[in-house]
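Student: So the sequences go chain by chain: A and B.
Quick note: the first sequence uses our numbering, first residue 17, plus one each step.
Quick note: the second sequence uses our numbering, first residue 17, plus one each step.
Where chains are identical, the list cannot tell them apart; a pair therefore holds if satisfied intra-copy or between any two copies.
Calculated pairs, DSS-like style, for lysine-lysine (alpha carbon to alpha carbon, straight line, at most 25 Å):
id	residue 1	residue 2
1	LYS265	LYS228
2	LYS228	LYS203
3	LYS124	LYS88
4	LYS285	LYS228
5	LYS81	LYS197
6	LYS228	LYS270
Hint data in this document are derived by calculation from the structure and do not stem from the laboratory.
Read off the chains here:
Protein chains: 2
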Amino acid sequence: MKRIVLDINGLDLGEQVFYDASYEFLKKHSDLEITLIGNTQYIKTKEDLKNLILVNNNLKFTDPKNIRMSLKENTSMNEAITGVVEGKFDGVISGGDSGSYISSLTFKSGRIEGISRPAFMPIITALNGRKLLLTDVGANLEVKPENLHEWAKLASVFSSIMFNIKNPDLTLLNIGTEEYKGFEYVKEAASLIKNDSSLNYIGFSESRNLLKGEFDVAIVDGYGGNLILKSYEGAVLSFKDSIKESALKKLKTKIGLLLLKPVFIDIMKKLDYRNIGAAWVIGVKSLALKIHGSSDQKAIYSALTQMYDAIDKNLISELNKVKNV
Amino acid sequence: MKRIVLDINGLDLGEQVFYDASYEFLKKHSDLEITLIGNTQYIKTKEDLKNLILVNNNLKFTDPKNIRMSLKENTSMNEAITGVVEGKFDGVISGGDSGSYISSLTFKSGRIEGISRPAFMPIITALNGRKLLLTDVGANLEVKPENLHEWAKLASVFSSIMFNIKNPDLTLLNIGTEEYKGFEYVKEAASLIKNDSSLNYIGFSESRNLLKGEFDVAIVDGYGGNLILKSYEGAVLSFKDSIKESALKKLKTKIGLLLLKPVFIDIMKKLDYRNIGAAWVIGVKSLALKIHGSSDQKAIYSALTQMYDAIDKNLISELNKVKNV
Chain A
17 MKRIVLDING LDLGEQVFYD ASYEFLKKHS DLEITLIGNT QYIKTKEDLK NLILVNNNLK
77 FTDPKNIRMS LKENTSMNEA ITGVVEGKFD GVISGGDSGS YISSLTFKSG RIEGISRPAF
137 MPIITALNGR KLLLTDVGAN LEVKPENLHE WAKLASVFSS IMFNIKNPDL TLLNIGTEEY
197 KGFEYVKEAA SLIKNDSSLN YIGFSESRNL LKGEFDVAIV DGYGGNLILK SYEGAVLSFK
257 DSIKESALKK LKTKIGLLLL KPVFIDIMKK LDYRNIGAAW VIGVKSLALK IHGSSDQKAI
317 YSALTQMYDA IDKNLISELN KVKNV
Chain B
17 MKRIVLDING LDLGEQVFYD ASYEFLKKHS DLEITLIGNT QYIKTKEDLK NLILVNNNLK
77 FTDPKNIRMS LKENTSMNEA ITGVVEGKFD GVISGGDSGS YISSLTFKSG RIEGISRPAF
137 MPIITALNGR KLLLTDVGAN LEVKPENLHE WAKLASVFSS IMFNIKNPDL TLLNIGTEEY
197 KGFEYVKEAA SLIKNDSSLN YIGFSESRNL LKGEFDVAIV DGYGGNLILK SYEGAVLSFK
257 DSIKESALKK LKTKIGLLLL KPVFIDIMKK LDYRNIGAAW VIGVKSLALK IHGSSDQKAI
317 YSALTQMYDA IDKNLISELN KVKNV
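If we strip away everything but chain A, and leave its shape as in the complex, we get:
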């Protein structure tokens, strides 16, 4: 029996969507138990499912910026993480404050041996369908060469296990492909990664090639990763809105838009922020997924699918071996 815990406080749409997504997911997966921790009193339950457990805990962080205090508070997020650390659950999902989440996970669950800084890592689908791991996307603004090297190792193992890829193609994102370009720490990271025989390094890549499906793993500092991810999101949405607005002005283009609708639906499904909205916390000893505060039922369902799959593939024990590589 797999066991997933969800911290259900902190989502724009409220707690009900967690219940609905979990209920729907459990209908398809009988070897799973889901625990929802948070403000459960207003949740409208459907039928009594034995493997869908509600735990009431209204407590949110008093001040998410005060990490020291936050770690001590018995919030729904901390209760969920503690449950995972104590072995009650196999993985945790939360839509709460990112900073509190990664701090609490680092402190309570601990870092994987040899990993100095946990990071956020979304799974992105390139336009040719290839799955791409991008890390970090915002947890670590300032980084050292070793951080990038460690994430490269974790993400490569992740790619191998989750997508069944042998020797994942790994790149460092930089402002140019020439070896002499970029910050010193990026060049030093490139040299560390190149000399690591467990990694299949293909050199620097530019952010303009992110969605072309040319690699499996892309490593970058948290500042750069955050800017890139949000630029892509912004560009695609702006471009789509702009086509729509412009097309609706004339009958001919209106018909064109109607005929092209299946194409747009298909592409937007690939690039859906509800998939990108989820990011793995890598580098800690537990399976932990962060979902966007604006997540809806579909986004939570997608997060449950990822977590279920990770537990099924025994991902965390493989990641814990990274130190020995």
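Fit chain B to the given chain A structure using the hints.
Tutor: Just chain B now, kept in the frame of chain A:
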């Protein structure tokens, strides 16, 4: 009589496109003299235009990475810049090595008083048509709060003069809109800019909103700006290619694509890399425009338009006054 000099070495498409674009431009502007410096021997000239002057100089930099040596070489780029400094020309355009260009301009032309670091600044068209100045996009990876403040002042004046905008809306690009987010230098820059009564600061913006047309000037470090610009370029091109590829698979969507064609042409024209490909060098005492190495005739024509306009509006004397603000 306005006088523009073009360094015509260093373009993927060769020297002829410079001549063709200049010839075309001069047909529409009789109060202008254009000088082309570079490998002129194979240029096919059309008719003898008095105000289109060719100066042969085959010399390129021996090693663009060796800045000290490059500054001394009598390359076409250096000859063009020296001509501007000596007052022979009102502005320079080059498609050569970016690093050499900005170094040579800084050294030979000098910095505007009070400006410590020149930067690259492209003009971008948002999807609602609003013109946006983005700086820096790659000249300065590491920055200080003062650098961001100085660029904010230059770009605001630029926006006022070139686009006739009163109190341009100015933003700092950051990983979040909350005041406590981001690097310390960004927060310090925010405080400097907020306290500068000559600037109309609207707070932090995220890179996802770049093309929404919410501001006139966006300031960011060169590393972030470079990643953002290339991400937008990559996203738009990938999205467009993907629509096309997917649409061509079925007759219905093929027709849809055909009907929507004018919409795509319209939007791509707005977002055309041949416009974004050009970036102003701000912070030096001369008018200098950098064009992309892959520029074609249209891109050069567009650069000539920008430079002609800047000379016409006496932009450089307004920028030189920034120190007094």
